[in-house]
Amino acid sequence: MYTVGRLARKHGLSRSTLLYYHRLGVLSPSGHSKGEYRSYSDADSARLGKICEYRRAGIPLKTIASMLDGDAETVVAEALERRLIELNEEMADLREQQRVVTRLLGRRDLVGACAGLDKEAWVALLEAAGFSEEDMQQWHVRFERGDPERHEAFLRRLAIPEEEIFAIRAASAKAG
1 MYTVGRLARK HGLSRSTLLY YHRLGVLSPS GHSKGEYRSY SDADSARLGK
51 ICEYRRAGIP LKTIASMLDG DAETVVAEAL ERRLIELNEE MADLREQQRV
101 VTRLLGRRDL VGACAGLDKE AWVALLEAAG FSEEDMQQWH VRFERGDPER
151 HEAFLRRLAI PEEEIFAIRA ASAKAG
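According to the UniProt record's numbering, the sequence shown is numbered sequentially starting from 1.
Some clues are possibly wrong.
BS3-like cross-link-like pairs, simulated, lysine-lysine; straight-line CA separation at most 30 Å [said to hold, decoys possible]:
id: 1; residue 1: Lys34; residue 2: Lys119
id: 2; residue 1: Lys62; residue 2: Lys10
id: 3; residue 1: Lys119; residue 2: Lys62
id: 4; residue 1: Lys10; residue 2: Lys34
id: 5; residue 1: Lys119; residue 2: Lys174
id: 6; residue 1: Lys50; residue 2: Lys34
id: 7; residue 1: Lys10; residue 2: Lys119
id: 8; residue 1: Lys50; residue 2: Lys62
id: 9; residue 1: Lys50; residue 2: Lys119
id: 10; residue 1: Lys10; residue 2: Lys50
Okay, the calculated beta carbon distance ranges per label pair [to be verified]:
id: 11; residue 1: Arg6; residue 2: Glu53; range: 14 to 22 Å
id: 12; residue 1: Thr74; residue 2: Leu19; range: 29 to 37 Å
id: 13; residue 1: Glu163; residue 2: Ala57; range: 13 to 21 Å
id: 14; residue 1: Ala77; residue 2: Gly146; range: 25 to 33 Å
id: 15; residue 1: Leu84; residue 2: Ser45; range: 22 to 30 Å
id: 16; residue 1: Ala159; residue 2: Gly35; range: 35 to 43 Å
id: 17; residue 1: Ala124; residue 2: Glu73; range: 37 to 45 Å
id: 18; residue 1: Tyr37; residue 2: Asp135; range: 40 to 48 Å
id: 19; residue 1: Phe131; residue 2: Ala77; range: 35 to 43 Å
By construction, these hints were calculated from the structure, which means they are not laboratory data.
All C-beta atoms in this analysis are idealised placements derived from N, C-alpha and C, irrespective of residue type, glycine included.
Working from the sequences, and respecting the hints, build out all of it.
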């Protein structure tokens with residue numbers, strides 16, 4: 001049996017992420033120990049492993065819940081196929097945004113360099129476009145308000161750690 005903290009460490013997550021998954025109903029403890037502490041089984045750990053894998057693919061938690069609780073493999077296949085289509089669309093959208101930003105900057109030579117953006121490169125690109133820290137925060141607020149799942153997927157593609165994504169999204173939702 002695992003405690004919340006031990007299971008979180010095993011999967012490289014924060015304790016608050018596991019509690020969040022529990023609140024959403026994606027991962028529930030198998031039982032409770034003395035003092036009403038949550039306890040998780042090996043099966044719960046395996047389920048969390050699948051959740052983490054699907055999250056790395058950018059699949060929303062609501063979809064993951066239906067994938068894990070669905071009766072047929074077709075539920076999983078359909079969800080993964082939908083995600084692949086979304087990724088292709090998002091990549092096309094991002095390439096178009098790269099072209100626009102590059103054009104605005106007057107530096108077409110940046111288009112190829114933008115293919116493997118991480119957080120630092122994205123921030124540098126926005127700063128070069130004249131964004132202040134406040135402008136960037138407002139950008140996150142608008143993105144979170146308009147499409148929270150895509151906002152999260154975008155942050156994941158920038159290879160931002162889970163806890164930082166949670167903090168950015170929480171601050172954006174609170175400000176919006």
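Results of checking the hints against the structure:
no. : hint                       : verdict
1   : Lys34 - Lys119             : 43 Å, violated
2   : Lys62 - Lys10              : 23 Å, holds
3   : Lys119 - Lys62             : 26 Å, holds
4   : Lys10 - Lys34              : 22 Å, holds
5   : Lys119 - Lys174            : 22 Å, holds
6   : Lys50 - Lys34              : 28 Å, holds
7   : Lys10 - Lys119             : 25 Å, holds
8   : Lys50 - Lys62              : 14 Å, holds
9   : Lys50 - Lys119             : 26 Å, holds
10  : Lys10 - Lys50              : 13 Å, holds
11  : Arg6 - Glu53: 14 to 22 Å   : 20 Å, holds
12  : Thr74 - Leu19: 29 to 37 Å  : 32 Å, holds
13  : Glu163 - Ala57: 13 to 21 Å : 19 Å, holds
14  : Ala77 - Gly146: 25 to 33 Å : 29 Å, holds
15  : Leu84 - Ser45: 22 to 30 Å  : 27 Å, holds
16  : Ala159 - Gly35: 35 to 43 Å : 38 Å, holds
17  : Ala124 - Glu73: 37 to 45 Å : 43 Å, holds
18  : Tyr37 - Asp135: 40 to 48 Å : 44 Å, holds
19  : Phe131 - Ala77: 35 to 43 Å : 40 Å, holds
The earlier numbered hint that this structure contradicts is number 1, and it is the only one.
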